[in-house]
Amino acid sequence: MAEESGPILTANGIPLKVSLERSMRQNKLKAVGLVSVPFVFLVLMFVIPIIMLLVRSADDRLVNDVFPRTFEAFKSWDQVDLPDEEMFKAVVLDFQESKPSERGRASSRMNYAKSGWRSLVRKTGKKVKDVTEGPYKEALIKIDKRWANVETWKSLAIMESDWTYEYYLNSIDLKQNSDLEIVQQPENRRVYNMFWWRTFLVSIQVTLFCLILAYPVAHLLATLPLKHSNLLMICVLMPFWTSLLVRIVAWMIMLQQEGVVNSTLVWAGMLSDENRLAMMYNYNGVLIVMTQILLPFMILPLYSVMKTIPPSYMRAAQNLGATPSLAFIRVYMPQTLPGIGAGCILVFIVAIGYFITPELVGGKDGQLIGNQINYHMRNSLNWGLACAMGSILLIGILALYWVYDKIVGIDNMKMG
Amino acid sequence: MAIHPYSTVPQRAWHYSYLIFCAIVFFFLVAPLVAVIPLSFTSGAFLIFTPEMLAFDPEGYSLRWYRLLIGDCSDAVVTTVCSDKWVRGAKNSFFIAICATVLATTLGTLAAQAISKPYMPFGKVIMAMMISPLIVPLIITAPAISLWYSELNLTQTYTGLVFAHTVLGIPFVVITVTSTLVGFDQSLMRAAAGLGGGPVYNFFKVQMPLILPGMISGGLFAFITSFDEVVVVLFIGGLEQHTLPKQMWSGIRQEISPTILSAATILVLLSIVLLTTVELLRRRSDRIRGVTGR
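Chains A and B, in that order, give the protein sequences. When we follow the working numbering, the leftmost residue of the first sequence carries the number 358, and every step to the right adds one. When we follow the working numbering, the leftmost residue of the second sequence carries the number 27, and every step to the right adds one.
Keep in mind that the hints were calculated from the coordinates and are not lab data.
The list that follows gives simulated cross-link-like pairs (lysine-lysine, DSS-like), each with its CA atoms no further than 27 Å apart:
| hint | chain 1 | residue 1 | chain 2 | residue 2 |
| --- | --- | --- | --- | --- |
| 1 | A | Lys486 | A | Lys432 |
| 2 | A | Lys387 | B | Lys150 |
| 3 | B | Lys150 | A | Lys763 |
| 4 | B | Lys143 | A | Lys763 |
| 5 | A | Lys385 | B | Lys231 |
| 6 | A | Lys387 | B | Lys143 |
| 7 | B | Lys231 | A | Lys387 |
| 8 | A | Lys374 | B | Lys143 |
Excised from the complex, chain A in its bound form:
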């Protein structure tokens, strides 16, 4: 009888609750074990790189590692008069104990803070071997007069800390002056804001064009009988499945000077032979090609929302006396808003990170921020700046995805 009032036991006498908890724990452990391999792989191969990119965008240890004594001496300098002999000596010692390759990399970074550092470091590096004893001040100034300029020394302040937000400032056309105030870049070096603005503009325009083109098409697909809509759906999905580069090549054939579109227009007499339209290697080319490439991203979410709207609603609205256009605006369209939202955000997010298309068809005035990241990563080797731009872009995109998740849920992402 005591058994009935006590906890329910399993066959081997353990309380059921304990046994259940144990088996749940085992299940959890099994699940964690399953996920651990892909998890570790992804952390190693993807998450760490992204974190590295974020760190790199603010990392300023390079200069401090090459010139440790200089920055130590810098701390006790009043930043008004020319530094004393002690600091000059620190510079000479740092020069003598660093490798030219290290100095080269450090000086490229110093050049971003104040132009002229690179040549100064190179010139000094060549001759500093001969300086064996003091006075170091005269010796350095003899090598290059810029060492006698207080501004040169003051610009070290920007690099003093191990961490910097200068790359972020640079990527929006700002910089720090030697007094650590944030100022605009000189007129001729203000370029990146234009790229940010253009990237934003292209993405907005492409999103709008996609919406205008996709809405009727999605509606047609959703209302046609399945037999016909399946065939048309393939027309939507085929470009989606075709290699991006193939689609770009295809557009080159269509849009180039001697291309299909121009030739057809000339043949039809709508265009004279001399005035062939320039639709490639410029801003317009990027717009046209990106719109075509991203169109399926708009059609599919709109389609899946429109598919769920019963056609009887429109009929009911019209029976109640609404004209077709009023019924559409008041009854149909509000129900498609989630689809519009999802499609627009998706297209915008994908567009904003585009790099291949503008690189190949953008020419000069179609380059976007992605191309700048590529340029600084692979050509100018200003990795800090590239990482800062990437980080800004990444944060923007994650914020947009958060909104997307609120609207549709990332789990509902559909692929064909």
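Given chain A, work out where chain B should sit, using these hints.
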């Protein structure tokens, strides 16, 4: 919005302009791809439709660019570049894509198994992480990967490229397999366990045949992603890792010739085959799970 016999004239006009608009959009979607195919058979050296081609003169058509593509230089003119780069690129691409697909499918399926369990701790967070390579644009992923892989000495190696492409493929497998697992009856696994099968045996004998369509279509997505991927290759691939997209990239940038169109045609056909496969798989999967009416 079907047209009724009693529709007014403006309504009819509106309806037909709507249909025409849709037709134009479909044309806009498909026309460029279709234009590639005939042009790849040109006998000329430029990417334009020659008068002979438009007159359907057999002289205007030839297979010379396909011969160049497979590295057959017998009728190459001095000015045209002929090399085995396309063949080599295709081999590399297939090799890398197949390795990446196998890895991504295995890892993705493992992850999806765990994530779809209701008692999985931090399931949502892990799911978000698994999908994140799809969300982060390549122009951010590729520099990040190149920074880190160079520390691991993985740049300019096949291993590095395979790993990077695996990362890009995992989200597709996770998404498709989790959505297939939603329709999977877990009591089948309990029944199999009750009948004495081990977990691994049960997975291969009971679960995998049922979720295979999801795994395959996820794998195909992963394959096509890797096969088409050029940004990561540009950032971390060396001379050895010369892939097909990279060859197309340099073809577009430097020596644009109809060879690129013949390659493009083959890729368009390949994409049609893959698309059909996925569609058939999806239908099969729906049928198995008893989902009817599309």
